[in-house]
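Chemist: So the protein lines, in turn, are chains A and B. The first sequence stops at residue 320 when you use our numbering, and every number in between is there. The second sequence stops at residue 607 when you use our numbering, and every number in between is there.
Hints are computed from structural coordinates only; laboratory data are not their basis. Every residue, glycine too, gets a C-beta built ideally from N, C-alpha and C. Worth double-checking, as some hints may not be accurate.
Claimed, not checked - Here are some of the chain A residues that sit facing chain B, going by a computed Cβ distance under 8 Å: (1) A25; (2) Y87; (3) R125; (4) W129; (5) L140; (6) P145; (7) G264; (8) C292; (9) T298; (10) L300.
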Amino acid sequence: MSRYVIIRVATSLLLLVATSVIVFAVLRALPGDPVITRLGSTQGVSQETIDRLREQLGLDRSVVSQYLDWVGGLLHGDFGSSYFSQYSVTTLIGQRIGTTLELTILSVGLAVVLAVPTAVVAALRPGGWVDRAISALSSLGMAFPPFVAAIFLLIVFSVQLGWLPARGWVPLSEDVGENLRHLVLPSAALAAVAAPLIVRYLRAELIEALEQPYVRTAEGKGATRGRVVLHHALRNALLPALTSVGLIFGYTLGGAVLVEYVFGLPGLGSLAVESALRRDYAVLQTVTLLLCAGFILTTLAVDLASRWLDPRLRTVRADG
Amino acid sequence: MAELPVPAAAATPRERLRRLPRPSLLAVSAGILLLLVVLVLAAPLVARYDPNEQDPAIAFAGSSWDHWFGTDDLGRDLFARVLYGGRLTLLIAGGAVVVAFLLGTTWGFLAALRRGIVDELLMRTADALMAIPQLLFALVCISAFGASTVNLALVIGVLLAPTTARMARTVALQEMSRDYYAAAVAYGARRRRLLLSELLPNTVALLAVQAAINAASAMILEASLSFVGLGIQPPDASWGTLLKEGYQFLYQRWGYAVFPALAILLTIWMLNVVADQLGTSSNRGRA
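Chain A with its partners taken away, still in its complex shape (with noise of 0.2 Å):
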């Protein structure tokens, strides 16, 4: 057990190093220089301007010397300065990242409060019509980028009907009804689509648990099917579709980025993409970074987890 989190840990750090050097060597490949196009309008600007300004961010150092810097750097919580703005990355993303937590725990959370009771529906009969019904919604909602349906929610709740703020944001601190309402759309849109995943995912595992010898040994005792389902069945089965949620998370949070974006919300996902239209790549590749670190901390923590919950998967500890 303590082998495998330790090879497990490692590999995830290992991974986050790897992940950090591809994030920052796209952004030092590039062609576009930070300092001319933040001076882009400005006219006449000496050479020595330019150079000072290069020396300030740390631009005439070598590539080497400046991805040590950045990772020094992080491991001290400090994330280096904006190339536009006033405020260090630090504070920049002290402010966004409430939001985008907030913003993905609401929606995973939504998601599996929608998935799990349809599963269950669908799984009771499989290949019966509301088990066809579940598949074929399920279906149209995993194309649904998350971002395209946040416009339909958007067109149908803001546009037609008025009931809910199409743009805009009231801190939880402020006022949490207020807070709410305005995440209402953007997390109805992720978990739109993440919910269809899981169901997909809890339906197979839950098909296979029904087929269990002790699902029939319970039957036998006399076990009404609603007891089977769920004291039997879904009890073993959540545990392997838990696995799923972690890719899930995943996946929302990389949805957050446009949501965010299509609401208005202050996250880190609008803090990426207004960065990357101003080639501020201080502020982009430590969001990218964070992020990366969202995710594979999540899975390590899901598969770490599941692990201890199911003793099952702990005998199998031959290729761990």
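Chain A is fixed; fit chain B onto it per the hints.
Modeler: Below, chain B alone, put in the same frame as chain A:
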């Protein structure tokens, strides 16, 4: 992915009959895709208006017999713009699929053939690339290299390569454990022959599934990039660009955003269904 293995013994003739319509689902979805491709390619013949012809007098007109999808903010015919926009979308998605296929199969087959340290190195690189959210990676690359049709196809293709490589490696390893492959190795076939005449033809069905999935992902990425303004730039317009423009005028005419959105959605949906159906049928053939 989560299609259930059908227990062979339980298949009564009646159940088999019920399963018959399945291939037709593949036919229907492939047919719709083909129709879309033909419509888009034949845009000059199908559209009755020039996609860039402006007529401010009829800006934001709703759907009518003259303008099926209505008009946009400058009075351009939206039906024509969606058709022509589809050409760019198709071009980028198609290019990306080709890039991902070439890069991904080489990557995956090489890993499968060499094993050992090469395999380890190639696959760990794929893992690292796959840990970066695709859209963010695309934003990083496009803001670095600039948005042009060629760059978009290349960047998206490279982004899809690791998943393709993983798939190619898995199916290659499966094939390599079969007798015909062992026989080819035993009679001394060269590596090139093993790759091109033995592995490739036998894995092409599963790689086609991956290609359909890649096409859908490529369309999503292209639409996302164009939507935030880092993709196809006006006056050229892909479906993503049209969606972005429609989104800016939601309160003037929400139909403007709906038509490009539906085009994107329908294509992705059909691609997913095709991938699903192809996947289950080739798995069934194997079992």
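Chemist: Next, verify each hint and record whether it holds.
Modeler: These are the hints, each one checked on the structure:
1. A25: Since the shortest Cβ distance to chain B is 10 Å, the answer is violated.
2. Y87: violated (20 Å)
3. R125: At 14 Å from the nearest chain B Cβ, R125 (chain A) fails the 8 Å test, so the hint is violated.
4. W129: Violated - the Cβ of W129 (chain A) stays beyond 8 Å from chain B, reaching only about 12 Å at its closest.
5. L140: holds (6 Å)
6. P145: P145 (chain A) check passes; min Cβ-Cβ to chain B is 5 Å, inside 8 Å.
7. G264: Hint violated; G264 (chain A) Cβ to chain B Cβ min 11 Å, cut 8 Å.
8. C292: holds (5 Å)
9. T298: Result: violated, 11 Å to nearest chain B Cβ.
10. L300: violated (11 Å)
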